[in-house]
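Visitor: Residue numbers (the numbering used here), protein chains in the order written: chain A, 2 to 354; chain B, 225 to 532.
Treat the hints loosely; a few may be bogus.
[What the hints assert, rightly or not] Derived list of chain A stretches under chain B, where covered just means 3 residues or more per stretch with a C-beta under 8 Å from a C-beta of chain B:
(1) 17-26
(2) 109-121
(3) 193-200
Because the hints were derived from the structure by calculation, they are not lab data.
Note that CB positions come from ideal geometry on N, CA and C, so glycine has one too.
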Amino acid sequence: MTALTVSAGREEDASLRPLPWQRMAWVTWRQHRTPLVSVAVFLGALAVGIWVAGRTTHHVYAAAVAACESRNSLACPGMANTLLGTYGFLSNGFILQGVPVLIGAFAGAPVLARELETGTFRYAWTQGFGRWRWTLAKLVPLAVMLAAAAGVFSLVLDWYYQPYVAEGSQALGLTAYTPFFPGLFDLRGIGFAAWTLVAFAIGALAGMLIRRVVPAIVATLVAYAALAFAVGSWLRPAYMAPVVTSNLNVPGSAWVMSQWWTKGGRFTFAGSPPQNLLNKYCPNGPAGPVGPGGMPKTTGLAECLTPHGYTQWTSYQPASRFWAFQWIEGGWLLVLSALLIAATIWLVRRRAA
Amino acid sequence: MSPNVVEASGLGKRYGSTWALRECTVAIPEGHVAALVGPNGAGKTTLLNIAAGLVAPSAGEVTVLGGRPAGSPAALDGIAFVAQDTPMYKNLSARDMLHLTRNLNRRFDQPYAEARLGELGIPLKRKAGKLSGGQQAQLALTLALARRPRLLVLDEPMAMLDPIARHDFMASVMTAMAADGVSVVLSSHVLAELERVADYLILMSRGCVQLAGEVDDLLAAHRMLTGPAAEADRYAGRLSVVHTSRGEAQAHLLIRASADDPVPPGWEAHTVGLEELALVYLREPAPAVLPGPARARGQNNQQTEVTK
């Protein structure tokens with residue numbers, strides 16, 4: 002019974018190399034194939050649906066462009082509404098905003114929460130592979146696969162929303178969306194994949210912290226919504242210093258941050274002018290063209306105010322910065338995801354209870 | 225002296241404001257089936273979780289298998305841990321559990337595992353969640369043994385089992401012990417089962433090791449004295465009395481003494497059994513006198529002190 006050779010065991014320790022990473026490939030696939038396949042099926046079905054809708058949308062768009070490019074067409078004015086009304090529930094992109102977080106929460110939160118909830122971590126973390134390497138070998142491949150699936154899926158979205166954000170569409174009055182429109186910006190480019198990635202990372206960390214699947218999913222949804230709201234409201238406008246111009250012809254595709262007026266180099270008002278100023282200089286109200294959505298274009302206001310020494314200033318993000326913004330947002334979301342995953346692994350490593 | 229499979233000094237573990245383990249010093253030598261016995265909340269599971277590398281101690285140090293830090297890759301490699309309630313992926317088949325464990329470990333004896341499950345009549349295709357409690361425990365034990373560990377740690381392995389499954393389970397453990405020389409540390413409430421299998425006893429109470437030693441040594445070092453109740457107090461100061469129980473006429477004193485020690489006139493000395501000994505200590509959480517077998521190798525006697 003006491004015949005164990007301990008000295009041999011010690012020598013063996015010195016050359017004890019970690020088990021190769023590829024051992025975890027089967028483990029990760031076997032344990033997470035259900036969510037992975039579900040996500041693939043879900044995104045595939047959604048892509049087919051959007052493709053079918055997109056064929057109609059592109060058809061309507063082609064007709065609208067044809068109508069509005071010939072200046073005499075009587076059909077043009079109605080076309081903007083027709084385009085917006087075609088699969089109108091999709092047109093502003095808001096309905097798809099939840100897709101990244103649903104994928105992330107569904108696939109990310111259970112990875113650790115289920116182990117902790119059912120107690121199987123006591124099996125998994127006492128095997129020879131080692132717990133932090135086990136965690137890394139699960140989270141990183143899952144994150145990469147989900148982000149890749151989301152990236153492929155967003156190609157369909159890129160195509161679908163082309164009519165709404167195409168450079169010429171605003172000029173023709175067919176749409177008021179800029180490429181930075183909150184509902185569309187993160188569905189296109191690398192945004193969709195990046196947001197899916199960060200949702201997964203939030204889910205994994207929430208699962209580790211909360212240790213129960215359903216509360217972790219709920220927490221992921223809440224945290225993601227807060228992050229997305231904060232980014233859209235405050236962070237994204239500040240990625241690059243806006244262009245400031247006194248030119249009244251700001252392109253329709255630009256993302257206008259603010260407008261204000263000066264007289265003699267001094268600030269007078271921002272937004273809508275004081276009533277006494279309107280009564281004095283524009284008694285008939287601002288004239289001029291009306292843009293999509295019935296909003297008065299500020300050129301009308303400028304016509305009556307400019308002769309009296311007022312200057313209109315506009316700060317905006319030009320549409321040409323779309324990809325710069327995409328890379329900035331994608332970049333920091335990637336860094337944030339890496340940090341969240343690193344924090345999760347660190348917690349697994351030092352978890353006391 | 226043979227190396228220790230578990231060696232802890234000054235070990236403490238705090239959950240919030242309560243200490244599950246406190247100033248715990250213990251050394252479990254190799255080549256035993258060591259039983260960890262104690263009431264609920266004594267710190268048995270905490271001690272095993274720390275030894276298995278699952279939980280990090282708040283204070284003190286633990287090494288396993290002759291000096292490997294608990295939880296280190298070398299320690300994980302040599303210890304197979306079967307946790308309480310034998311957690312398992314319920315949606316994985318027995319075959320998948322084998323495959324999983326093989327992937328996660330340096331050594332895995334697949335033919336042994338398959339043969340053992342075959343003998344036990346556990347179908348490889350069946351999902352772990354559909355196995356009976358006894359089969360799940362046997363599957364968990366098979367996974368652990370197929371890793372060819374040097375130390376097998378079992379936390380309450382018999383809690384969920386009926387008497388037959390319990391018997392089969394312990395028979396499997398004993399067979400593995402005899403065949404491979406694997407050391408075993410297990411915790412249990414079931415004193416009667418332990419008497420048959422354990423040859424090393426560690427009694428725990430209130431987060432401390434109260435008594436530890438080879439069962440034969442412990443039994444040899446204790447005597448039950450029976451004599452007139454009126455004289456009991458006279459000897460209480462002079463002998464190492466662990467526990468006194470008084471009847472109307474007779475008193476029973478459990479004392480630390482060897483067979484050679486003189487017996488007071490008018491008193492009779494009996495040897496004690498493991499269950500009897502354990503029960504006395506469990507009822508008497510802080511006996512005043514505790515020299516002797518509990519001493520860990522090269523360590524002080526702090527484990528005998530119960531701090532409030």
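Visitor: All hints are to be evaluated individually against the structure, with a verdict given for each.
Guide: Outcome of the hint check:
With 5 residues carrying a beta carbon less than 8 Å from a beta carbon of chain B, the region 17-26 of chain A meets the three-residue requirement, and the given coverage holds. Against chain B, the region 109-121 of chain A contributes 3 residues with a C-beta closer than 8 Å to a partner C-beta. That satisfies the three-residue criterion, and the hint holds. Look at the region 193-200 of chain A against chain B: 0 of its residues bring a Cβ nearer than 8 Å to a Cβ of that chain, fewer than three, so the hint is violated.
Comparing the model with each earlier hint shows a violation of hint 3 alone; every other hint is respected.
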